[in-house]
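These are the residues of each chain, in order.
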Amino acid sequence: MKERKPHKVFLTGPITPQFIADSIAKHSIKTTIGAHDIFLGQVRRDVIENKAVHAIEYSAYEEMAEEKFHELREAAFAKFQLTCMHIYHSKGKVKAGEICLFVFVSSKHRSSAFEACRWIVEEIKNNVPIWGKEIFEDETYVWKENS
Amino acid sequence: MKERKPHKVFLTGPITPQFIADSIAKHSIKTTIGAHDIFLGQVRRDVIENKAVHAIEYSAYEEMAEEKFHELREAAFAKFQLTCMHIYHSKGKVKAGEICLFVFVSSKHRSSAFEACRWIVEEIKNNVPIWGKEIFEDETYVWKENS
Amino acid sequence: MNSRVRLFGSLVEIVGKSELNVSGCSDTQEVKEKLASEFPQLRKCEFLISVDRKLVKNNQRLEPGNEIAFLPPFAGG
Amino acid sequence: MNSRVRLFGSLVEIVGKSELNVSGCSDTQEVKEKLASEFPQLRKCEFLISVDRKLVKNNQRLEPGNEIAFLPPFAGG
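Chains as they are written, first to last, in this note's numbering: chain A, 590 to 736; chain B, 590 to 736; chain C, 67 to 143; chain D, 67 to 143.
Treat the hints loosely; a few may be bogus.
Straight-line distance between alpha carbons at most 20 angstroms, and here's what the computed EDC-like set of lysine to aspartate or glutamate pairs gives [stated by the list, open to error]: (1) D:K110 - D:E133; (2) B:K680 - C:E79; (3) A:K697 - B:E711; (4) B:K697 - A:E711.
Hints in this document: simulated from the structure, not taken from any laboratory.
A quick note: this is a predicted structure, and the numbers were derived from the prediction, not measured.
So here's chain A without its partners, still in its complex pose (with noise of 0.2 angstroms):
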């Protein structure tokens, strides 16, 4: 089996579309792909108790979770037939309407891609040691909990 290099996952604060497409351009020279499927999280601007969200600050067991995104990675090159596949979470404060998670799956079909991606993101979401405050405008904050 091909050795995939672990790579660095956290990124410090939003991913910006420019960064994506910067992502998605890379992949043209890999021609024997013919499905992308990119998940975006994006923080919401909820309610709570009639304040807004103005911000998630996420933090991590950073050490833990990159060995789960790497176990995560293995299983999912092993489950699907995949080309290539990305992760990136922040780290740090992501304000309302910007991304904090990038997932993107490439495969030669789009059945592959599409259950690759939406597997990939249920473990991240169950598994991956990562927390968020939602900060709202006057700085109080309460521990964001998954759905």
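With chain A's structure known, arrange chains B, C and D on it following the hints.
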């Protein structure tokens, strides 16, 4: 029900990463969105009888296709809890490695975006009158068949 | 009655043009037969027929001004 | 034996720091009890425990040098 303006689906030539980035960026003001799912179709350099596909030239029954895209859009909004959806398809020549289809679905929670995106891509493949000529380096070609 | 027939994809090459007129046909089945007798290769082709941009299930009576189209298997995406 | 315990998310606020040392515990259950008696609010918190970055199912014996962590419910994505 809110009237949704049908937008132009066909773009001449490949869909660029920059176009995708600009579309993503426009959604940062929509702060009820928590999840985006983006599907990209990329032209594969398939080898058919020892000749590699250099490009696909897309053509469509445009008037009918635009009607179908509009119906599909209305059906998707009725069927799934969506905030936004955009579909772009190339016409004319798209080289191997370039992007010919961009489906962009946004919703509050991830499951609607995932389900809608996949549904829309299948609908496009099955029900929209678009054709593609797979052109080889030597300018011979075959008509593409969807799998 | 004169009917306008549009052709797409591989069918354009078989017929040699992307549009033609047929006369004296009262339904889509007759249009199909008429063109197939003129262009026998069409009999080997798989295609659907639309009238005014709606797919025809079996056969459909034609009205003046209908736009008929012959559509080979779709290959978008 | 001295064990290093790392805390994350909301638990950092309850304990007042992100890392501490506990002594005299031979398994994860003992660490949990010891910290809960010192910080009673922990009893109301939902969290998992990891040892050397692997989640502990029930209880786990500790070895010198193990890194223990208390992990509130994950909220990534």
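Of the hints given before, which are not true for this structure? Hint 1 contradicted; others consistent.
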